[in-house]
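Residue numbers (this note's numbering), protein chains in the order written: chain R, 3 to 412; chain Z, 3 to 412; chain C, 3 to 412; chain P, 3 to 412.
Accuracy of the hints is not assured; some may be wrong.
Identical chains share a label here; the pair holds if one copy fits it or two copies do between them.
[To be verified] The calculated EDC-like cross-link candidates involving lysine to aspartate or glutamate, where the alpha carbons are at most 16 Å apart (straight line), are:
| id | residue 1 | residue 2 |
| --- | --- | --- |
| 1 | Lys55 | Glu24 |
| 2 | Lys402 | Glu279 |
| 3 | Lys55 | Glu132 |
| 4 | Lys397 | Asp307 |
| 5 | Lys17 | Glu399 |
| 6 | Lys332 | Glu214 |
| 7 | Lys121 | Glu72 |
| 8 | Lys402 | Glu297 |
Think of the hints as simulated: they come from the structure by calculation, not from any bench.
4 protein chains.
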Amino acid sequence: MNFSYSEKVVTLQKKVINFMEEYVYPNEKVYQEQLKQQKTRWSDIPPIMDELKEKAKENGLWNLFLPESEYGAGLTNLEYAPLCEIMGRSVIGPEVFNCNAPDTGNMEVLVRYGTEIQKKQWLEPLLAGEIRSCFSMTEPDVASSDATNINTSIRRDGDEFVINGRKWWSSGAGDPRCKIAIVMGKNDPTAPSYEQQSMILVPLDTPGVKIERLLPVFGYDDAPHGHAEIVYENVRVPAENILWEEGKGFAIAQGRLGPGRIHHCMRLIGLAERALEDLSKRVLSRTAFGKKIAEQGVVQEWIADSRIEIEQARLLTLKAAYKMDTVGNKEAKTEIAMIKVVAPNMALRVLDRAIQAFGAAGVSDDFNLAYHWANARTLRLADGPDEVHRRQIAKLELRKYQSADLAAIH
Amino acid sequence: MNFSYSEKVVTLQKKVINFMEEYVYPNEKVYQEQLKQQKTRWSDIPPIMDELKEKAKENGLWNLFLPESEYGAGLTNLEYAPLCEIMGRSVIGPEVFNCNAPDTGNMEVLVRYGTEIQKKQWLEPLLAGEIRSCFSMTEPDVASSDATNINTSIRRDGDEFVINGRKWWSSGAGDPRCKIAIVMGKNDPTAPSYEQQSMILVPLDTPGVKIERLLPVFGYDDAPHGHAEIVYENVRVPAENILWEEGKGFAIAQGRLGPGRIHHCMRLIGLAERALEDLSKRVLSRTAFGKKIAEQGVVQEWIADSRIEIEQARLLTLKAAYKMDTVGNKEAKTEIAMIKVVAPNMALRVLDRAIQAFGAAGVSDDFNLAYHWANARTLRLADGPDEVHRRQIAKLELRKYQSADLAAIH
Amino acid sequence: MNFSYSEKVVTLQKKVINFMEEYVYPNEKVYQEQLKQQKTRWSDIPPIMDELKEKAKENGLWNLFLPESEYGAGLTNLEYAPLCEIMGRSVIGPEVFNCNAPDTGNMEVLVRYGTEIQKKQWLEPLLAGEIRSCFSMTEPDVASSDATNINTSIRRDGDEFVINGRKWWSSGAGDPRCKIAIVMGKNDPTAPSYEQQSMILVPLDTPGVKIERLLPVFGYDDAPHGHAEIVYENVRVPAENILWEEGKGFAIAQGRLGPGRIHHCMRLIGLAERALEDLSKRVLSRTAFGKKIAEQGVVQEWIADSRIEIEQARLLTLKAAYKMDTVGNKEAKTEIAMIKVVAPNMALRVLDRAIQAFGAAGVSDDFNLAYHWANARTLRLADGPDEVHRRQIAKLELRKYQSADLAAIH
Amino acid sequence: MNFSYSEKVVTLQKKVINFMEEYVYPNEKVYQEQLKQQKTRWSDIPPIMDELKEKAKENGLWNLFLPESEYGAGLTNLEYAPLCEIMGRSVIGPEVFNCNAPDTGNMEVLVRYGTEIQKKQWLEPLLAGEIRSCFSMTEPDVASSDATNINTSIRRDGDEFVINGRKWWSSGAGDPRCKIAIVMGKNDPTAPSYEQQSMILVPLDTPGVKIERLLPVFGYDDAPHGHAEIVYENVRVPAENILWEEGKGFAIAQGRLGPGRIHHCMRLIGLAERALEDLSKRVLSRTAFGKKIAEQGVVQEWIADSRIEIEQARLLTLKAAYKMDTVGNKEAKTEIAMIKVVAPNMALRVLDRAIQAFGAAGVSDDFNLAYHWANARTLRLADGPDEVHRRQIAKLELRKYQSADLAAIH
């Protein structure tokens with residue numbers, strides 16, 4: 003297990019750090035300002051974003067996420083991890099480098115399971131940062147933590163598939179550039195539990211696709227990205243839009259979620275590092291009860307625990323990345339499940355301590371803490387709630403003893 | 003320590019419960035809808051509010067909060083507790099009964115420390131629910147957890163006081179009906195630490211008072227209430243606007259914060275009860291992995307821990323109320339500090355479990371959980387952060403041993 | 003819900019406090035020394051114990067625990083609570099007042115379910131403090147947290163019952179004065195689940211009763227009390243030794259465990275109070291890094307959290323006692339389950355903080371902290387593990403909504 | 003940062019695992035039995051120990067701990083970590099391989115700072131496993147968490163040093179083979195704070211050295227190892243017994259504690275792994291409430307959290323080892339402080355869950371859980387309490403910002 007960074011990665015890391023300092027952090031407020039000045043928060047993308055994307059391309063900091071693919075930068079997951087972490091320090095960061103969710107996960111799916119035509123039509127403009135995509139899986143009417151509950155139907159009808167169902171939390175669908183959804187549904191409710199589902203490509207301008215509303219997260223609209231509730235009503239797409247083949251929805255989901263999850267974790271580590279940095283600076287700069295807040299023992303415990311938790315989360319994430327690279331996403335599933343539990347909870351604790359240290363300023367928008375917190379909170383639910391991952395980890399642990407002599411506890 | 007409810011209280015409790023069921027809960031969405039339909043979210047109060055207030059007055063459910071005063075309903079803190087808890091179940095509840103923060107705290111100040119003229123001018127319209135008020139204490143430039151840090155100056159100049167300073171988190175100042183601020187500042191920086199401060203009444207239409215912006219809380223604007231940043235620039239008010247007398251700001255703050263804090267705690271218990279109710283219904287109504295979510299052991303632990311924590315927080319709050327009633331707010335300071343730590347943290351845990359049980363729906367606005375959570379989060383900071391209260395509790399505990407034989411640990 | 007103490011209780015409380023100060027605390031070390039000087043730690047009871055018991059009788063502090071019975075002091079559970087708490091501050095305290103486990107629980111059983119002959123033979127010498135008793139329920143071979151797992155057989159054979167089985171954690175059976183066991187077993191494995199069990203009185207000198215060993219708890223032998231593993235091999239007792247009647251074992255257990263559990267909780271509150279007192283004195287008397295340890299913010303948080311947790315646990319225990327007194331043990335089952343979870347966990351946290359504050363001295367026997375901790379740790383298991391109680395609390399909570407409209411989450 | 007194991011390490015790991023399975027685990031009870039059969043628990047070492055040591059030597063599994071030294075096996079800290087972890091799974095394990103505390107730490111001191119004569123006399127028999135040693139630092143009369151509090155005097159008198167003081171928790175001094183103590187004391191109370199202390203070699207048979215008693219840990223005597231309280235009364239040793247030179251006591255302590263601490267952490271990870279294994283087997287083999295305990299969601303959360311916490315602690319320990327190997331113990335101090343907080347707390351949580359899963363069996367001596375727990379509990383205090391390490395971590399974190407622009411929170 004070698005976590006050393008190659009010279010290539012060290013160079014890229016420096017470049018990403020410098021880019022963030024020079025271009026991203028100073029433009030976070032600009033982005034928000036431009037967003038406010040538009041007709042609505044959904045009507046267009048703040049122009050600064052395209053400028054930043056151009057800069058990132060010029061600097062060779064583009065599509066760094068794709069391992070094992072001719073399309074990407076040729077980085078392994080382990081190599082991508084320290085870069086993704088830095089991008090994740092800013093909410094606008096990942097998009098600048100074309101490394102944002104859910105597009106990276108969707109692009110991974112297209113690389114792995116897409117036909118040449120599908121790649122031409124959707125992967126290429128996604129890689130170019132020209133369009134964006136969403137992932138339509140969760141449904142409001144069922145406990146979607148159990149994916150077998152999913153109800154949307156994808157029914158074959160001649161050369162077409164007909165899609166009917168209601169989805170929500172299709173994140174990114176609020177973006178005017180979002181052109182394509184990957185929709186998960188059931189094509190055959192009579193098949194074995196994990197072969198009933200399919201995934202299919204649905205252009206958002208297909209008749210019958212209706213974005214009913216954009217859902218807030220703790221009061222934030224996440225514009226212009228947005229979390230959409232979408233109704234698919236007799237939506238017809240050509241049969242060749244199916245991904246891989248019918249009945250493979252679950253298999254694709256398993257493949258997709260590994261990289262998607264680890265990217266989230268990397269970004270959360272970045273968010274947490276930034277929060278700890280903010281916390282440290284704040285408590286060094288303010289005085290209460292006759293001494294710097296940084297000298298309060300309680301605050302020092304917050305700082306120490308934060309440092310400890312971040313370090314541990316990062317190391318476990320690197321281990322997961324290493325396993326994905328060396329034995330594959332499937333074999334790495336315990337590690338992926340572990341970081342999916344660890345990283346959001348760690349980030350929430352660090353952010354909460356930072357909020358407390360900032361006082362009321364911490365819950366406002368003068369700093370990023372509250373927004374980052376809300377963001378991190380969704381990740382205890384998105385891509386599977388903590389409880390489902392913990393159960394999975396326990397089952398894999400218990401499996402080790404399935405043929406053990408249980409009486410032999412020494 | 004008698005926590006039994008008198009017949010009067012039992013009757014009022016039933017009335018408040020029924021009122022909430024009949025009028026308040028069904029109008030929460032109406033209120034939000036009316037708010038959206040106005041020109042801006044700050045331009046007016048949703049008309050349903052006045053209708054509900056009239057109903058509450060008609061039902062004799064008005065100004066129930068004021069103990070020991072001819073103005074109120076003659077209830078003790080202990081008697082008010084179970085009523086306040088029920089009102090607190092809805093964010094619009096307290097205002098309906100004219101029992102909302104920060105007005106109740108401000109009215110308590112006026113009852114205790116106001117002159118007859120001050121009462122006539124400000125207390126009476128507040129009691130009538132005609133105007134609203136704000137409390138201007140926290141400042142953006144200093145750690146306001148240490149009130150001696152407060153910088154705003156209140157300088158005597160002939161028959162007037164001149165106020166200069168910047169305040170924020172003056173909650174309620176966004177409300178078009180808000181007419182009066184109680185401002186805390188320093189009149190004499192050379193006096194002993196706790197005698198430098200004064201409180202003064204400043205009508206919001208006084209020249210030099212400028213609301214610069216309204217601060218969000220985790221993405222929520224809390225309109226039309228709002229959390230204002232206010233600049234006081236050479237604001238002149240008549241000398242008789244001083245509360246009590248110069249140098250008494252700290253003493254008033256101590257007196258004011260007791261009731262204000264316990265009211266917050268009562269409401270938080272109500273919020274938590276409602277969240278536990280919501281959680282329970284939700285997990286009974288959804289199925290995952292082949293059984294009702296309510297049958298999952300992990301979820302049952304959430305429910306049990308929530309019930310345990312709510313019960314304990316309520317009992318401690320009742321004890322604090324009982325002590326305030328029997329030995330006074332000052333003697334009850336340990337208990338008040340304890341519930342100020344306990345109640346928000348308890349509510350946050352219960353709400354967080356409920357959010358987790360609701361899945362992604364929990365972070366949206368389809369239910370109240372996320373908004374209530376944001377609300378409760380501010381209460382780990384407002385009226386003193388947890389850390390300051392814990393320190394106070396510890397000091398009072400340690401004081402018990404100041405003349406003890408420390409070697410005699412038996 | 004009236005938690006006020008009557009004059010009678012206040013007087014008793016003072017008497018118990020004084021008695022503890024004068025006689026019990028100073029003799030804790032004496033008791034341990036006398037124990038060491040005996041041939042074995044199990045051969046006899048340190049003579050100081052009988053002296054103290056005589057003193058307690060003389061002072062009218064004897065058998066204070068029995069509510070609703072001509073045998074006791076006529077105190078309700080609520081009245082007994084503050085007295086039991088003080089007794090519980092010392093591990094030798096409860097026995098001094100004849101209020102120790104498991105005898106009080108066993109005496110309650112005999113009062114409620116015993117025949118006149120049984121009372122004469124066993125209850126009276128127990129009340130007189132002449133003999134002691136044990137409760138033989140838990141079995142080593144099954145998960146006894148589920149009482150239906152219990153395997154010991156109690157088979158009718160003519161005028162006798164024949165008992166066969168292996169029990170452990172029959173606490174108190176190491177005591178040379180222990181004369182009688184209440185044994186739980188199955189008389190009819192074909193009956194409905196909760197009617198298969200019986201309880202029966204088994205004198206320890208009956209042929210076939212064999213104490214195989216005395217189990218340690220975290221290295222402590224708890225001599226001369228002791229936790230016995232007992233084999234019952236073809237043990238024959240007269241049929242009239244049955245308690246209540248065949249098949250009532252479960253019902254008696256339910257009745258017995260309520261009072262037994264709440265007594266444990268009261269004592270744990272006493273232990274925790276004493277630990278907090280010790281912690282406070284210790285940190286006031288030692289200096290590190292240039293200031294008293296009591297001035298460290300982290301230590302102050304320990305003290306504050308301890309005070310908060312003790313207060314809450316005590317109030318909940320009082321509420322449980324109040325409900326037992328007013329609506330009966332069965333109706334109070336939620337409250338009893340709640341305190342059974344709360345009190346041991348609270349005490350463990352407080353004790354752990356005290357241990358940490360004492361440094362290495364805390365894990366030794368120079369102070370009582372480590373021993374008390376071990377003691378408290380068993381109470382997360384004895385009389386049902388936390389997890390079983392939490393499940394029970396959740397089920398009772400969910401039952402509130404069994405006929406509710408689950409869609410109506412307002 | 004390369005955590006991959008070389009072939010050499012993989013081979014050693016297999017050998018240690020096999021050795022533990024074949025010789026150590028099966029002899030744990032034998033060791034305890036032999037200890038009981040001796041005249042006293044302190045009179046001799048159970049003979050099985052020497053047999054096992056011979057076996058280990060024969061297998062080339064001896065003194066694996068010493069990095070950078072001709073005396074050891076030539077393993078780095080990183081290479082030793084996985085081996086030490088496995089040894090640590092058994093309390094008797096480390097001694098079998100001559101890798102036990104406090105001898106490894108003391109041997110490191112002698113290797114680094116010892117003169118040739120000192121090495122000849124003490125290091126060589128220690129390396130041979132013929133004698134044992136203790137470390138006499140902590141004092142009962144002061145808060146030893148602050149090492150500047152240490153009071154013992156080491157006064158020069160001609161060609162000798164005269165030592166006066168009282169020490170306790172000199173672990174290992176109970177062992178009849180323990181021949182030498184490293185004593186820390188003050189030679190010059192007027193020097194700068196961190197140059198007042200010296201360390202000196204004191205043979206235990208020197209006149210004036212008196213072991214007053216052996217301290218228990220949660221009821222365990224840890225015989226024949228033992229934790230001694232030692233009085234040094236006018237103890238005279240030759241001047242050449244000083245380690246390094248006068249005034250270097252603190253510097254040596256810093257150097258010594260790094261390796262000592264990380265070894266403890268490695269062993270704790272082993273203890274925790276074994277506890278999780280035991281827990282898993284136990285819950286797979288027992289049934290309650292109609293299903294295997296392993297199927298309970300709550301128990302599954304325990305397993306998952308344990309796996310997560312163990313993995314993270316191990317990775318952080320490896321990182322610390324890696325830094326010690328590559329940049330030195332001093333540069334690795336943040337990482338060492340972090341694992342010193344993480345590992346004991348992690349092990350305590352895992353062990354506590356295992357105890358809970360075992361029910362009452364868990365607190366007894368039928369399994370190792372309670373004893374391991376007590377052992378782990380001391381390690382939140384030994385070599386510095388958690389709070390001191392956290393403070394150190396915070397200070398190092400805050401130091402990063404000492405020349406930062408504190409207003410620039412982006």
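Right, here's what the structure says about each hint:
1. Lys55 to Glu24: Within. Shortest intra-copy distance 13 Å satisfies the 16 Å Cα cut-off; inter-copy 54 Å does not.
2. Lys402 to Glu279: between (41 Å within a copy, 9 Å between copies)
3. Lys55 to Glu132: within (10 Å within a copy, 54 Å between copies)
4. Lys397 to Asp307: between (29 Å within a copy, 12 Å between copies)
5. Lys17 to Glu399: Neither way: Lys17 and Glu399 sit 40 Å apart in one copy and 24 Å across, limit 16 Å.
6. Lys332 to Glu214: Intra 36 Å, inter 52 Å, cutoff 16 Å: neither.
7. Lys121 to Glu72: This pair counts as within: shortest intra-copy Cα distance 13 Å, inter-copy 61 Å.
8. Lys402 to Glu297: For Lys402 and Glu297, the Cα distance is within 16 Å only across copies (15 Å; inside one copy 47 Å).
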